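A.B. asks: Residue numbers (our numbering), protein chains in the order written: chain A, 1408 to 1570; chain B, 32 to 132; chain C, 24 to 310; chain D, 38 to 140.
Hints in this document: simulated from the structure, not taken from any laboratory. In this text, all values refer to a predicted model and were calculated from it rather than measured experimentally. We put the beta carbon where it would ideally sit given N, CA and C, even for glycine. It cannot be assumed that every hint is accurate.
If you want a taste of the chain A side facing chain C, the calculated C-beta under 10 Å gives, among others [what the hints assert, rightly or not]:
| id | residue |
| --- | --- |
| 1 | A1467 |
| 2 | G1470 |
| 3 | E1474 |
| 4 | P1475 |
| 5 | L1481 |
| 6 | P1484 |
| 7 | E1485 |
| 8 | N1489 |
| 9 | V1492 |
| 10 | P1494 |
| 11 | I1529 |
| 12 | A1531 |
| 13 | A1533 |
| 14 | R1535 |
| 15 | T1564 |
Simulated pairs of lysine-lysine, DSS-like, Cα-Cα distance not exceeding 27 Å [claimed, not checked]:
| id | chain 1 | residue 1 | chain 2 | residue 2 |
| --- | --- | --- | --- | --- |
| 16 | C | K149 | A | K1540 |
| 17 | A | K1459 | D | K91 |
| 18 | C | K98 | D | K138 |
| 19 | D | K138 | A | K1459 |
| 20 | D | K109 | A | K1457 |
| 21 | A | K1503 | D | K91 |
| 22 | A | K1553 | D | K85 |
| 23 | C | K98 | A | K1562 |
| 24 | D | K69 | C | K173 |
| 25 | D | K72 | C | K98 |
| 26 | D | K69 | A | K1450 |
| 27 | A | K1543 | C | K112 |
| 28 | A | K1540 | D | K91 |
| 29 | D | K113 | A | K1450 |
| 30 | A | K1562 | D | K138 |
| 31 | B | K127 | C | K62 |
| 32 | D | K109 | C | K98 |
| 33 | D | K122 | A | K1503 |
| 34 | A | K1559 | D | K104 |
| 35 | A | K1543 | D | K122 |
| 36 | B | K127 | C | K98 |
| 37 | D | K109 | A | K1480 |
| 38 | A | K1457 | D | K116 |
| 39 | D | K117 | A | K1553 |
| 40 | C | K92 | D | K122 |
What follows is the residue order along each chain.
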Amino acid sequence: MTTTTGPVATRRLILQGAASVALLGLGNLPFTATSARAAANDKYPEEAFKQKNEADAIKALYGKTAEPSDKVKLDAPEIAENGGVVPVSVTTTLDKVSSISFLVAENPYALAASYKIAEGTIPAIANRLKMAKSTKLVAIVEADGKLYSATKEVKVTVGGCGG
Amino acid sequence: MKRTLALAMLLALGLVATARAATEADYKAAYTAAEAASKEAAGLRNQWTVTVSMLAAARKAADSGDFDRAIAAAREAEALARASIFQATSEKEAWKAMEIR
Amino acid sequence: MKTRSALLLGSLSAALVALALTAPRVVAADKVDPVADAKAFQNFFFQKFPDVKHEDFVNGPYSMNADLKRQWQEKEEFPPYEFALEAGKEMFATPFKNGKTYADCFPNGGIGVRQNYPYFDTKEGKVITLELALNRCREANGEAPYSYVKDEMASLTAYMAYTSRGKPMDIKIPDDPRALEAFENGKRYFYTRRGQMNFSCASCHVQSPGERIRAEILAPALGIMNAMPIYRSEWSGMGTTSRRFVTCNSQTRAVPLEPQADEYRDVEYFLSYVANGLPISGPGARP
Amino acid sequence: MASSIRVRATSNGDITEVQALIQHPMDTGLVKDPKGELIPAHYIQQLKFEWNGKDVFVADWGTAVSKDPYVKFSFKGAKKGDELKISWTDNKGGSDTTTAKIA
């Protein structure tokens, strides 16, 4: 595998990096503008997804802190069969649920996914997330304006005998 | 006196040259031996990935003129190739020990 | 220097021990008897894992660990190989430039026949795997062959496996000395240690199925071919039998052979034959 | 080209269970390709499920959602034969939409 080391590659890398960041930013500007006209809470929580750790992400997303509650059932494997595809699901008996989010503490960016639950939609979600390494997994449920959470430890390592 | 001095100098220069050339020749010898062993292992269809990468490391070190490292790498490659040849020949019969009967 | 001599010493002593062990039995095992081998192979796993249902062995690691099985069942609701399956179905229906399709190359139009592959071709005197037959069909119809380790071949074999799901593996060994030799060659490859790790397929899949190799649970060798091709989360993509053999080799630091090499086709022949009677479960989803 | 969204919506009684699998690389922007260069971030940011003109379910996704993402939820009120509209947009401005009948 020939890697083009030296100044040329690094310059291209920086340019590429800059381009994609600009794109990200640009891509969102009009997006947020258009969606501003749509229902207010439809806005893509850009800021929250940029936060590195879990506490900042929750604050950016909801602006308040959560308290653990056994009414939030978080289901995830004890040892993930593969860090790239970890089946995670949550159900809750709380009512008037308006939002559910999943945060993977040890990931480069803690917030993984956030869902808006409309009136009449059952507060139970299953999805498949990526986990960089063994981590704390947090599910947040916003019910009737208050935040409730459940956490679970998930072990993640690579497989096989290495080669 | 001057003549002997010149002679001594010439000799010393020759020695140094041969010393440097010797390592390149040593490298070539060590590399060909390693390559022969690796070819034999490949012939037995039992080559190891580490033999191949060690041979490449030897070539790379030689290209950059570091013959000491190149010789060490070539010797390591040969040892690995020999081990894989030994594995192939001993497994010709040894596999039966694991067979489910 | 120290590690190398230790390695030589280690393999020397291992060889001596092995030689001592095989000496008495070498005389007994010269005639190749696939039927007895298959019975012994299946009984080994049935006795080692008495509470695993026989047909469950084809689910590999998931037959060995309940937590992993739950993760798998959740994935099976909408499996990641769904796209490969649909691509395979579409490719199967699209005619080649000369108007023919894969259906013209296979018995029963290629539907529900996967359980008979690989088979031994008495004319050519060698094992023909499903992947080899597919590429031969393409070449016979003027199309370029697919790579054995890439997605197109995996999609085709995924669709053909899907059409055979549940049918018992049904591999035949014709009464032909070359077929018996191919079976024996496959068996020898399966049990031979290779690579600097000095592992054979059996070191992992016979001696320690159900145990962890870092994050993964090792699958039992019985029925391991029944789930091919597999979608592996680790590759986040499809993998044919060839890709699995090649990657297993390089993990034990053995230089892989070319896909569809004799040894690979013969070991697939051996492993499929000894799993006769167990259902086809491909395409499979694996860690 | 076949849609990138596979949906299965089944209703029993008043509850409709929806499962969706979407074909998308979901690149995080942190992974290098074999030549050692960073693969730029390319991931679905928002996925909407609309029934009868109303968004019943909106997913905001980050880079930690798996490749070929999958999601399952259920909601009340719909009945067999109703139509469900599903659409996503990603950070590169890509998008796709499809409709599915509730079985």
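A.B. asks: Enumerate the violated hints, using their earlier numbering and listing them in ascending order.
C.D. replies: Violated hints (numbers, rising): 1, 2, 3, 4, 5, 11, 12, 16, 17, 19, 25, 26, 27, 28, 30, 35, 36, 38, 39 and 40; every other hint is consistent with the structure.
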